[in-house]
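Using the sequences and the hints given, assemble the complete structure.
Sequences listed follow chains Z and Y, in order.
Going by this note's numbering, the first sequence opens with residue 1, and the numbers climb by one from there.
Going by this note's numbering, the second sequence opens with residue 1001, and the numbers climb by one from there.
Derived by calculation from the structure, the hints in this document are not laboratory data.
We treat Cβ as the ideally placed atom computed from N, Cα and C, and that holds for glycine.
Hints are all accurate, no fakes.
Chain Y is nowhere near these chain Z residues, computed Cβ spacing over 12 Å in every case:
1) K18
2) K44
3) K47
4) L53
5) N80
6) G100
7) Y103
8) M113
9) P115
10) D137
11) L148
12) D215
13) K258
14) K273
Listed below are several chain Z residues computed to face chain Y (Cβ distance under 8 Å; list not exhaustive):
15) L63
16) I74
17) R75
18) P162
19) H163
20) K167
21) Q194
22) E195
23) A198
24) E199
25) Y202
26) H230
27) P231
Residue strings, one per chain:
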Amino acid sequence: MINSETNTEEIKEKEIEKEQEKESQKENEEEKEIQKETENDPNKKKKMPKMTLFRQKAHMNPLSLRQMDFNLSIRPQDMNWNDSYPNMGKGEHIDFADIGCGYGGLLFKLSEMFPDNYSIGLEIRGKVCNYVKEKIDVLRHNEKGKYLNISALQTNAMRTLPHLFVKSQLSKIFFLFPDPEFKKRKIKWRIISQELLAEYAYFMKSGGIIYTITDVYKLHSWMKGHLEEHPLFTELTKEEYQNDPLIKVISTESEEAKRVEKNGGTKFLACFKRK
Amino acid sequence: MIGCNNIVFQKNSPIVALSFGKQLRVLDYSTKKEIKSFEYDNSVSQMAFDQDGNYFAVGLHNKKFFVYDSNFETIHSDALKKGNPGSIIFHPTEKSILITDNVYSYKIPFDKPKEMEIENEKQNKENEKQKKKQKDTNEHKAVLGHTAIITKALMTFDKKFYITCDIARRIRVSNFPEIYDIHVFCLGHIDSVTSMDIHPTSNEQFLTGGGTTDNSIILWNLQNGEIINQYKFSTNTNEQYHKKAVLELSYCPKDPKYFVAILKSVPTPFLFQINSKKEIELVKVINIPDFPQDDEISNVRFDQNSNLWVSFQKTQTIKILKFQNWEENLTELKNYIKTNIEYTFEQEFITKYFKRKERFSRVILSSFIAENNHTPNNSNNERKRRPKKKWNNKQRQKKGRKNNPKN
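Pasting the structure below:
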């Protein structure tokens, strides 16, 4: 039995599908051309990137040697910051550092509060860092003249800090909700320890402040104990806790802080000053 | 046959300590007599003398270390928890040692133990309880920490700065009594920092040597952390000197313009000079006469009288060359040492690998593979594989849908 009718019908359907595919391809090409035109078009606004496309697993081994450790310049004086800060002058330098910045909630608030100071966010995960970079590009395009004093960089902060900063350069360092690492064999992955505090004290000016905040009480007692033992750090007084406007920002602005508020957890603060 | 690994001199006296694997010999080279000889369970890694000549310390590959008196009687014997002792320095004022682990460096005190006077049985039990408590809380606290393996640690002659180098191309200069206060980071090497030496009289410069891809010697300014001058072996016409690590450096104590360097698996040490313009110049390539066959140089050190001591890996002789008359006046230290050491290094290596397979360090393994072209387990690089497991029905139900093809 030859069903010529069905064959012809099938052939017709295939032809129709092919025409539809060609039309859709043309539409896609037209959209791409339109996008290229509107990339640098100042009148049209870009869309913000979606956070769901940039998710990545939270735990990475900071002690393993990766290729991104060897891509930076060896001396901090040779580093070129003009790619990330287009308006940076000759005598200017970075003031604030956010180690473990995540999705960048704190950075966007810092650029509004301190328009004259430069700040940088260090993150070890690649996808999360790309999210922050795309968001900064979109915001710089939509609102002219703003957000020119922040940027993000993908590095391992335990290894590459001497390649980025000079002695006594920074005035503030932030550690917001770091990874607790409960197991005994992972204690050396924690970001605050007696050996690393000597490096943070080397990069900070006298009078600079370290801000730490966590959700977990064990980590809080660990960090506070190590900071008290170190003879170059002293705790802030109660008046300084109340007068500093950044302490409210820390506990409400980043994405982790908002998650903690939803679940109804308590936050523990520990801020210390360098002598 | 194993040769000499380490040569250590005592300041202002003619005493030398030489290590031949598991054995250690202490000599007096002016009178040519042997003072004492030690034997250990495991091979010796580092030794150190005190500045005044009162104490002597030894570290083994067993994680253990010993401290001896001026008469070479044991005062203190202890063991580190993680890793073998790297470099040992005595504290100038207190009675304590600065020992480097793989990644940390500790400050450990040593004192003569007091004698406990026991009267009753109750005091016996209390004393035992106190001893147990002290052991639990006797973990040595680290004074300094890197994130990669530390290769060398030294102190300047001023006792003001404490310098450490590691594999991650980093050199950290920290103030001495307050080690938590860093003075400066010296950055400029491309590969790991393998050797270092300190100027005997001035506090302003020191030398470091780099790894295989770096292949250079750098003169640093200690106060700023900047490079004064750099000498690269890749500029030399001889291709044997390219892409080799700098193993040892040593300054000449009488005339600190001169210093000597050796490269890995190159049979000639090099003599350098520092100009008045502070540049590094190659003065001479020293050819050692009667070089033993199939052998390599292991260590090079300068004397207090500025004689050069050269030791080898497999033969047990040590050659002494005189300053500025290198190839003419040569004496051999052969008859002072009784040679009764016979064991093969490779067998001991293999037994260690099987016993402590989990804690075996990657650095030693990679060097073994580079030299012998095979792992110590099998020569054909065969891997043993486990047979595949067959799941039952009950196990499949626990695991879920993926492993159960019926659902």
